[in-house]
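Novice: Sequence:
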Amino acid sequence: MGAFMKICSWNINSIRLREAQVLRLLKQHCPDVICLQECKSPVEKIPIQGFRDLGYEHMVASGQKGYNGVAIFSKLPIIDEFSIDFADLKHARHIAGHLENGFIIHNFYVPAGGDEPNIDTNLKFAQKLAFLDAMKKWFDSNEQKRAILVGDLNIAPHEDDVWDHKKLSKIVSHTPIEIEKLSEVMRAGNWIDVFRKATPNGKLYSWWSYRAKNWHLADKGRRLDHIWVSSDLSGLKFENSIFREARGWDRPSDHAPIFTVFDEI
DNA sequence: ATGGTAGGTCTCCTA
Numbered sequence: 150m151g152a153f154m155k156i157c158s159w160n161i162n163s164i165r166l167r168e169a170q171v172l173r174l175l176k177q178h179c180p181d182v183i184c185l186q187e188c189k190s191p192v193e194k195i196p197i198q199g200f201r202d203l204g205y206e207h208m209v210a211s212g213q214k215g216y217n218g219v220a221i222f223s224k225l226p227i228i229d230e231f232s233i234d235f236a237d238l239k240h241a242r243h244i245a246g247h248l249e250n251g252f253i254i255h256n257f258y259v260p261a262g263g264d265e266p267n268i269d270t271n272l273k274f275a276q277k278l279a280f281l282d283a284m285k286k287w288f289d290s291n292e293q294k295r296a297i298l299v300g301d302l303n304i305a306p307h308e309d310d311v312w313d314h315k316k317l318s319k320i321v322s323h324t325p326i327e328i329e330k331l332s333e334v335m336r337a338g339n340w341i342d343v344f345r346k347a348t349p350n351g352k353l354y355s356w357w358s359y360r361a362k363n364w365h366l367a368d369k370g371r372r373l374d375h376i377w378v379s380s381d382l383s384g385l386k387f388e389n390s391i392f393r394e395a396r397g398w399d400r401p402s403d404h405a406p407i408f409t410v411f412d413e414i
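When the letters of the first sequence are read in order and numbered with this note's numbering, they come out as residues 150 to 414.
Hints in this document: simulated from the structure, not taken from any laboratory. No incorrect hints appear here.
Calculated pairs, DSS-like style, for lysine-lysine (alpha carbon to alpha carbon, straight line, at most 27 Å):
hint : residue 1 : residue 2
1    : 386       : 346
2    : 214       : 194
3    : 273       : 319
4    : 346       : 316
5    : 352       : 319
6    : 386       : 352
Simulated DEER-style distance windows between Cβ atoms:
hint : residue 1 : residue 2 : range
7    : 165       : 289       : 34 to 42 Å
8    : 383       : 172       : 27 to 35 Å
9    : 213       : 263       : 13 to 21 Å
10   : 196       : 270       : 38 to 46 Å
11   : 290       : 238       : 17 to 25 Å
12   : 318       : 349       : 17 to 25 Å
13   : 316       : 290       : 36 to 44 Å
C-beta atoms are modelled at their ideal positions from N, C-alpha and C, and glycine is treated no differently.
Starting from the given sequences, assemble the full structure and let the hints guide the process.
Specialist: If you want it as structure tokens, here you go:
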């Protein structure tokens, strides 16, 4: 048995409203590191005591009032941090932490992009593509080693990442231009999508709309949440899971938490 | 073709 590291990513849709759910998840699954998106809170108003009490003594975060916001809570020491304002949107959408064990973790919340997949009529879609271009550019000039990238990337790139590939191809999150831009980001950083490495085909979802009644039975989901690793880590053994059960909790986030356990780090 | 739900800066914006 070698050392291992368990990492979780979860779009929590307000950390102040759902603090108890995050703590419940941590007690149940004991990841070493949890990366949260859509905290919707300034950093100084993120509740931290409950996390500390469970052994998550290290936090790095980028926040703003009301919208966006990303945070990393860790049992493992975080010795450095930085945040990048991709595409100069002045949004809190990225935080990175260097762990003492040599790993770097990037936590992203990519813009959702609005409803209309048209850069001329929808500023939010233009900003989403600009954000992806900026990510690509940054990874072009910053080679990643012992790196993990997680987050709500708001793109479901694979046919089996959506409930209906044909219908969703005109819907923001699964359009060809977004999928192409995301693949450029992946190529720039030599990233490996661990969920699709383990499961090349077969439906995988991490998000179900609040608007869909009986989300569980209809199961019209999308895989918007991702865990990637840099190519130097491709030899690591790992296991992934999507904790769909949390989507069925009372007053849930619309996203399920996703996990990867790395063995022999 | 439309509307459906949820959270926060709360009758309007974002997802």
